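Q: In order, the protein sequences belong to chains P and U.
Going by numbering that gives the first Met the number 0, the first sequence wraps up at 303, each residue one higher than the last.
Going by numbering that gives the first Met the number 0, the second sequence wraps up at 254, each residue one higher than the last.
Wrong hints could be hidden among the right ones.
[What the hints assert, rightly or not] Simulated pairs of lysine to any residue, SDA-like, Cα-Cα distance not exceeding 20 Å: (1) P/Lys60 / U/Val77; (2) P/Lys141 / U/Glu78; (3) P/Lys80 / U/Leu105; (4) U/Lys252 / P/Lys212; (5) P/Lys80 / U/Ile82; (6) U/Lys17 / P/Tyr90; (7) P/Lys93 / U/Ser91; (8) P/Lys212 / P/Thr29.
Don't read these hints as lab results, they were simulated from the structure.
From a predicted model like this one, the values you see are computed outputs, not experimental measurements.
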Amino acid sequence: MSAPLSTNELTKVYNLGRKKGTKTALDSLTIDVPEGVIFGFLGPNGAGKTTTIKLLLDFMKPTRGTATVLGRPTTEPATRKLVGYLPEQPYFHKFLTPTEVLSMHAGFAGIDRREIKQAAAAALQQAGIAQYADTPISKLSKGLTQRVGIAQALIGDPKLLILDEPTSGLDPIGRRHTRDLLVELRDQGKTVFLSSHLLSEIENVCDVVAVLKAGKLVACGPPDQVKEQNSQVVIQTSTVGGDAAERLRFAGVTVVDDPGGSALKFDVDYLYRVVMTMESMRLPVHSVNTQRESLEEAFLRLAA
Amino acid sequence: MRPIWIIARMSVLENSRKHVFHVLCLLTLALIAGSTLLSIFTEGVQVKILKDLCMTSILFGGAALAITLGCTGIPNDVESRTIYPIIARPISRAQYVVGKFLGTMLTVSMGVIAMAAVFGVLIASYQHTFDPYLLLAVGFTLIEVCVIAAISTTISTLASPAITAVLTFLIYICGSIKIGYFGGLIDRATSGFVKVIYAAIYHALPNLECFNLKTALVHHDYVPVAYLAQVAIYGLCYAAFVLFLGTLGFARKEV
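Next comes chain P alone, as it looks inside the complex (with noise of 0.2 Å):
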């Protein structure tokens, strides 16, 4: 079976004029999606993240390579039916109530006329803002305003989610609402294709993450395969100086300077030769610590 969301090659190149020449978006992209799990899209501003779901979605056209989506080319608009998007800061007609705007993107997923109203309405309540269904859009805040796209891409009941930085302007109740419902619609057997800039959000709830830079892919693979592999082992000592600090830094040490003493950072692979250069010096033990790369040093380590 087909991954729910495939490209292969995908290259945006834009022309910026004739003095400007070109840049390239996205250079090469090949990856695919598998199946009912959360995929978490990372890199930083201008990596290329909104040109790969514009691509997805034919917003644009690829200057080469191909995308499916649920098995078909992106190029088709029945694809799209099982496809729910949110857009980054979603924009709607601000005279629309979110039952108007709802009943309006029921209309266009296909849903029967008689069962409009009441998909609007679970809509809404799952994205947790069924007391706002009849107020205008122009009356809601910019919160409210993001959970109405989310609202709208849940509706249809789609199979693919897109959604570009779904946590944006959502209070912490309202992140930890998305978080609750990115994971009940995976454990649904849906797959959410999320783009983020909030790595921890990213974090706790991915389960393949892809990271892009300067419109190049640089890592892909669950969030504990893209983080370092190798835990760093912090040693608390007495001050370590001159020759001492030299031999330890020879060991394969950072060694760090703080007001107790000094840390001595390693690769835990060198915890044995790092251990018997210090009971040659006869350097105290205080403590002993494991540190592990976080998402967030990941990212900083491959993006930036």
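Based on the hints, put chain U in the right spot on chain P.
A: For chain U alone, coordinates are given in the frame of chain P:
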């Protein structure tokens, strides 16, 4: 068809809230009301003058509505990004363009019908009877407005609202003087190449004069049914072809 109607409905709701729609409708209604004052001074031909002035007002009002609403519909959606969630749905770009056009056309029709209703009441108060020619003249004005709205919508898929408005207005003016001006230019051209260029412009421009049944309304001239049918088919086909070009242009547009 369903997505087209949903987009058209949304477009009507959006257009009917625009200030320009209200201003143009009120301005035209004021012109129609003002025509009664002008016709007071021309005793004997009051009704004829009234019909002439009112039909001209309705035609210009309708054309202005078609240009302003047609040129802003799609670019505003792209600019405000309200288009994204819509075209992410299983609808084609062609359906989107046709829906926006229909929405524009329905809104313009609402305005023109309101103007025509006031005009009809005025004429009835003077003639003490309903003039059936009025329906004919307004009907063909709507077809003319349909052609203008199609041109405006098509150009707006590729250009900014300002450029669209200027180009559509130029085409409207040229289309209104096509037979008299461009027809003469072809005859007067000496070089074969220039003749071909003039002929190309002549045939590409819509013949908007043929929709103008003002004279028939004023003088109650007989207009053959075959001619009316031919003109109506011409107008609808021209609008459909122009709109088809618009859908082709918008299908390639990156949003």
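Q: Check each numbered hint against the structure and report the violated ones by number, ascending.
A: 3, 4, 7
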